[in-house]
Structure formats: structure tokens, C-alpha cells
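Asks: Protein sequence lines, in the order shown, are assigned to chains A and B.
Numbering-wise, the first sequence is residues 1 to 164 according to the numbering used here.
Numbering-wise, the second sequence is residues 1 to 438 according to the numbering used here.
None of these hints come from the bench; they were simulated from the model.
Among the hints, erroneous ones may be present.
[Claimed, not checked] Residues of chain B clear of chain A, computed beta-carbon distances all greater than 10 Å:
| # | residue |
| --- | --- |
| 1 | Asp-21 |
| 2 | Lys-46 |
| 3 | Asn-82 |
| 4 | Asp-247 |
| 5 | Pro-249 |
| 6 | Glu-277 |
| 7 | Gly-421 |
[As the list claims (entries may be wrong)] Partner residues are not named here, just some residues of chain A that face chain B (Cβ under 8 Å, in silico):
| # | residue |
| --- | --- |
| 8 | Gly-151 |
| 9 | Asp-159 |
| 10 | Thr-160 |
Backbone N, C-alpha and C define an ideal beta-carbon position, used for all residues, glycine too.
Chain by chain, the residues run as shown.
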Amino acid sequence: MAATEGFVEADNTEAIITRIEHKSRKIESLLKQSKPVEALKTALEGSPPMTRDERCKSANWIVVHRALMAIKDVDGLLSSLDAEYYDILMNSISISSSRENGVNGGGEFTRSRATFVLNMYLYRGLSTGDRPTCDQCLRIHEKLTERAGLGCILRYLADTVNTV
Amino acid sequence: MAAIAVHRFAQSITCHAWSPDHSMVAFCPNSNEVHIYRLLQDKWEKVHVLQKHDQIVSGIDWSARSNRIVTASHDRNSYVWNFEGTEWVPTLVILRLNRAALCVQWSPKENKFAVGSGAKTVCICYYEQENNWWISKLIRKRHDSSVTGVAWHPNNILLATTSTDGKCRVFSTFIKGVDTKDSRTGSSSDSKFGEQIVQLDLSFSWAFGVKWSPSGNTLAYVGHNSMIYFVDDVGPSPLAQSVAFQDLPLCDVLFVSERMVIGVGYDCSPMVFAADERGIWSFIRFLGERKIASSGSTYGSQDLYMGLLRPHPTTPFELEPKHKELIQLGIWICQQFHKSLILMKDDFSVRMVVESSFILYQFSEAFVKLYGQSKHVVSNDAVEPSRSRGGIHENCISCIVPLRQPGISTVPRFSTSGLDGKVVIWDLENQADLSVYL
Numbered sequence: 001m002a003a004t005e006g007f008v009e010a011d012n013t014e015a016i017i018t019r020i021e022h023k024s025r026k027i028e029s030l031l032k033q034s035k036p037v038e039a040l041k042t043a044l045e046g047s048p049p050m051t052r053d054e055r056c057k058s059a060n061w062i063v064v065h066r067a068l069m070a071i072k073d074v075d076g077l078l079s080s081l082d083a084e085y086y087d088i089l090m091n092s093i094s095i096s097s098s099r100e101n102g103v104n105g106g107g108e109f110t111r112s113r114a115t116f117v118l119n120m121y122l123y124r125g126l127s128t129g130d131r132p133t134c135d136q137c138l139r140i141h142e143k144l145t146e147r148a149g150l151g152c153i154l155r156y157l158a159d160t161v162n163t164v
Numbered sequence: 001m002a003a004i005a006v007h008r009f010a011q012s013i014t015c016h017a018w019s020p021d022h023s024m025v026a027f028c029p030n031s032n033e034v035h036i037y038r039l040l041q042d043k044w045e046k047v048h049v050l051q052k053h054d055q056i057v058s059g060i061d062w063s064a065r066s067n068r069i070v071t072a073s074h075d076r077n078s079y080v081w082n083f084e085g086t087e088w089v090p091t092l093v094i095l096r097l098n099r100a101a102l103c104v105q106w107s108p109k110e111n112k113f114a115v116g117s118g119a120k121t122v123c124i125c126y127y128e129q130e131n132n133w134w135i136s137k138l139i140r141k142r143h144d145s146s147v148t149g150v151a152w153h154p155n156n157i158l159l160a161t162t163s164t165d166g167k168c169r170v171f172s173t174f175i176k177g178v179d180t181k182d183s184r185t186g187s188s189s190d191s192k193f194g195e196q197i198v199q200l201d202l203s204f205s206w207a208f209g210v211k212w213s214p215s216g217n218t219l220a221y222v223g224h225n226s227m228i229y230f231v232d233d234v235g236p237s238p239l240a241q242s243v244a245f246q247d248l249p250l251c252d253v254l255f256v257s258e259r260m261v262i263g264v265g266y267d268c269s270p271m272v273f274a275a276d277e278r279g280i281w282s283f284i285r286f287l288g289e290r291k292i293a294s295s296g297s298t299y300g301s302q303d304l305y306m307g308l309l310r311p312h313p314t315t316p317f318e319l320e321p322k323h324k325e326l327i328q329l330g331i332w333i334c335q336q337f338h339k340s341l342i343l344m345k346d347d348f349s350v351r352m353v354v355e356s357s358f359i360l361y362q363f364s365e366a367f368v369k370l371y372g373q374s375k376h377v378v379s380n381d382a383v384e385p386s387r388s389r390g391g392i393h394e395n396c397i398s399c400i401v402p403l404r405q406p407g408i409s410t411v412p413r414f415s416t417s418g419l420d421g422k423v424v425i426w427d428l429e430n431q432a433d434l435s436v437y438l
């Protein structure tokens, strides 16, 4: 859960860009092997980038968008995310330990991390206003809400720390 | 059935409380009055009306041993009501607030009560014998926003609060002359009045409905982002668990036992949370009839919502004129929702969270209605209102109150009230799957 590590400062921007470029190449090769679900999972890994730098965010969005648009079988995607979700569930409801002067849970959504991050990108997709993107995002959003419930949307709306 | 009694008292109820023997219920029908009803031969009869507040009564608590009622109101005052002869006699408590009082609770020993307020302060009130007067002592400059909930630790000293700044805090409320040295226990032994023991910063958004477990070892509160938080070892090094759930946010919680919590809120059905042997909390199930519509209509309604957004709507059935209004409403809600989506990352985000959750709620309800009606119109069946959402409450549940039996720490019986004006009594005794947590 990189989310708890805080924001990376500006001098790391280049490192993040390099990482995103690397991720992008990996995704392209996965798409060529027609493994769109794997590609999207790769894209969502380490997302959102822990930075306020807009350049990193848009670079990452382009990568996620590329993978998102390649998804044909939404149910297949979500069942595969579900497996991961249960995995995360089993491994990480470890009781988070506290810090000085209280406990900080900011940015940590261990239980539904995968669906939560996906949802964030769906909203970014919807905000572009681009017809094919919106169509695709709405299609996934519908299925995602069926599985993850309204709570997932509310958590996204309430989140002031993670931005994509 | 988990619900053993349902009665609709008013259009809407802001809060309620029970008399010590549970024969009478006091509630505020969303006005400046408090109504007291008694059950006489299977009929609820209004026996008293407490009229003193100028604005909506936001909190009521009825003390179990001293039979006193305390009320808090948006008019910034509290009254302590004593039953003398045949009527309730009010005593004004000047809280010294410049904003509304939002919640109130008697301390376990009933010698103090706490009021949370919109003035970012908590008032700890106690009775001063020589002046025959209730004194209000303020905990100031600790909260960054309104105090939405207060909860007393069983030791009569520690007070937990939740606030719209998203934090949950625990304070010492030791008052010289009221509390004795020996009532101080453990880590709170050297703390003065108003000292902050711990601040929990787990929620991104508004926090509500804090409660202590019967032993005072665990604390639970909810966030407006559909999360519930459980905190053990409250003190310098607390242990916290966050549980995300699928449905709309909760408003209030209640510990039924050390290992079971009931949460109530915008989803209209109480939710059961429980801790397993390792102490890990999770959502168990809904109480009462789960709204059958949930997986079908509520979320399935997105077919329609997507249909509306598309240039050529593909509505799944013939529309009747009266449904057009609902469709208009749906479109409007979608637009609002979309607007809030665009705005959400700026300074308005907090406000938008509330608006969006409200819109989402209305949105789902509107479409459940639409779907429900369209089915019933065909069969010419009258829709029974209470069944429209399949649950016992038809609107947001705002208040949950334990029905304690003296000497027993677990509370298998409790009551809920909500914006639908109903008071529902629940009993967990006959819920076989939950008995292991009691």
C-alpha cells in the first residue's frame, strides 16, 4: 500500500515518469498478447502515482486509459479483480498500528483497494467527455457498482487525499 | 423477525429516548416539542408534551436511575426535566454556546451530561447544589468543526466525541468536587478537565455516532464515506481497524455486546458488525428484511440511467406520463451528480460529499419507486408504502437507543427511529446466527 507513504517530492518526478514509461511498454506487450485484463492490472499497479505533479498524473492516466479502452469482457475483468480483492482482504486486514498522537488511516483502503482505484480512473474517464471513453467507463462503472456497491462511490467522493 | 414492534408516531423523528422501565418513549417530532407516549392496552397514548425549546430538539436522553430527561436544541440551550407530581418541570441550562446544540448524553453516574454543538465545543454540565443550578463547563479550541456525537466511557470520566472535521477524540472530563479520585482509572489518572487523551484521524470525511463497548475497551464510530472504525486500547497507542462496506453511510452505532455492533443510517436497515475470535471486525448482515430491490432495481437501475445519458434512450418498458416526471428528476439528479463529480476535488468537496450522498440516495429511491410502480401498475396492485424498499424503516435511520436491563451488560434489545417517523424495537434473542456474538 504505497498510499500511506506520503507524497514524493519534485526531484522524484523523473523517476516516476521513467516508471510509467516502463509500465507503458509492459502494457503494450500484454495487449499484443491479447491479455487486456493483465494489462489493466499492471496499469493500476502503483496508481495513483504518489505525487501532486500534473505531468505524472496525466502520463499515468494515458497508460491507464490505454488499458481501460482495451477491456472487452467487463465481467471477466471484475471477477479477476475480485480474486485479488479477496486476496488483499485475507492478507491485510492486519490491524494497522498507530503513530504518535493518534492513528492515521489516510489513503488506506486495504479491503477494496483494487475496485476503489479503478473507480477513480473511471471518473477521470467520465470527466473527459470523450464519447468512446465515456461509453466504456459507464459500462465498467455499472458492473463495478453492482459488485462493489454504493459505498465504493461514496468513498471516492469523500476522498480528499488520493487524486488521479 | 428481528423487529418485534413498529409504530409510526410522527412524520419524522429527530431523536428518541425511553423511560427507565421502557413503558414510555420520548421523542421529538422534528419540531421544538418533545412528546412522551405511554403504551396503554396495546395503544400508544400521548401523556406529556414538553414545550420550552424555541427550535428543533436535536437530542434527548432519559436517565435510568434518577428519572430525569435532558434535552438539547438548535436554540443553543438545554433543559433538565424533573418529574414532580403530575408534570415535567424544566430547569434551563445555559450552555454558553453561539451555535446549535446537536447531541446530548447523561454520564453513567448521571451526575454530569455532555452536549456536542455546532460551535466546535463540547459542554460538560454538572449540578451545583449550593446554587441549585446546572453549570456548563466548555471544552474549547479542540475541535475544528461541529461536534456530531458524544459518548461516555463507563468510568464516568472519559468522553469520546466525533466531529465533522473527520476526527474522533477522547477527553478527560474530571471535575473537582463532582468526581472523586477513586473514580479515575488507568491512563486517565493524571488528566485534568478538558485534556485530550487521543485524537483519531481515520476518516476522510465527516465522523458520526461514536460509542464505547460495555467494558469501555473498544470504541466504534462511523465516517460519511461508508466506513466504520473500531479502536482498541484507547490511549497513547491505540489499535484501529477500518471496515469499508458496500452500502450508504451510517449515522449512528450501538454496541450490543463486546463483539457485536449495530450500525444504522442511510440504508434504512440496521447493519450487524461483529468481531471474530482474533478480534477482527467485519460486516455480517442486515437486520430485518433486506430490501429485495437492492441487487435488482437499485443498481440495475443504472441501465436506465445509462439509457438516459445516451443519445437514443433504450428504456426497457413503455413509459407512462406520470413516470416522465420521475425521469425528469432522474436526469436532473444525474446532472447534479455529474456536477458534483467535477467539483469534488476542490474546496467544495466536503459539501459535495453530502449533496452527492443525498442525491445518490434520492436517485436510487426514485428509480426503485419507478421500477416498483411500473410492475405494480401492470398488475393493478396498490403499492404498500412500507414495502416499497422492502425494509421496516422507509427512510434514513438517525437514532439507535439501547433497551438496557439492569445488571446485564449486553443489550439484545434496542430501538431505532428515523426520518420516516417510526420507532422500531428490535430483539436479537431469536437470531440464531448472531447469538455467538452476544
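Asks: Compare the structure with each hint and give your call.
Replies: These are the hints, each one checked on the structure:
{"no.": "1", "hint": "Asp-21", "in the structure": "holds (39 Å)"}
{"no.": "2", "hint": "Lys-46", "in the structure": "holds (38 Å)"}
{"no.": "3", "hint": "Asn-82", "in the structure": "holds (40 Å)"}
{"no.": "4", "hint": "Asp-247", "in the structure": "violated (6 Å)"}
{"no.": "5", "hint": "Pro-249", "in the structure": "violated (6 Å)"}
{"no.": "6", "hint": "Glu-277", "in the structure": "holds (14 Å)"}
{"no.": "7", "hint": "Gly-421", "in the structure": "holds (24 Å)"}
{"no.": "8", "hint": "Gly-151", "in the structure": "holds (3 Å)"}
{"no.": "9", "hint": "Asp-159", "in the structure": "holds (5 Å)"}
{"no.": "10", "hint": "Thr-160", "in the structure": "holds (6 Å)"}
Checked against the numbered hints given earlier, this structure breaks hints 4 and 5; the rest are met.
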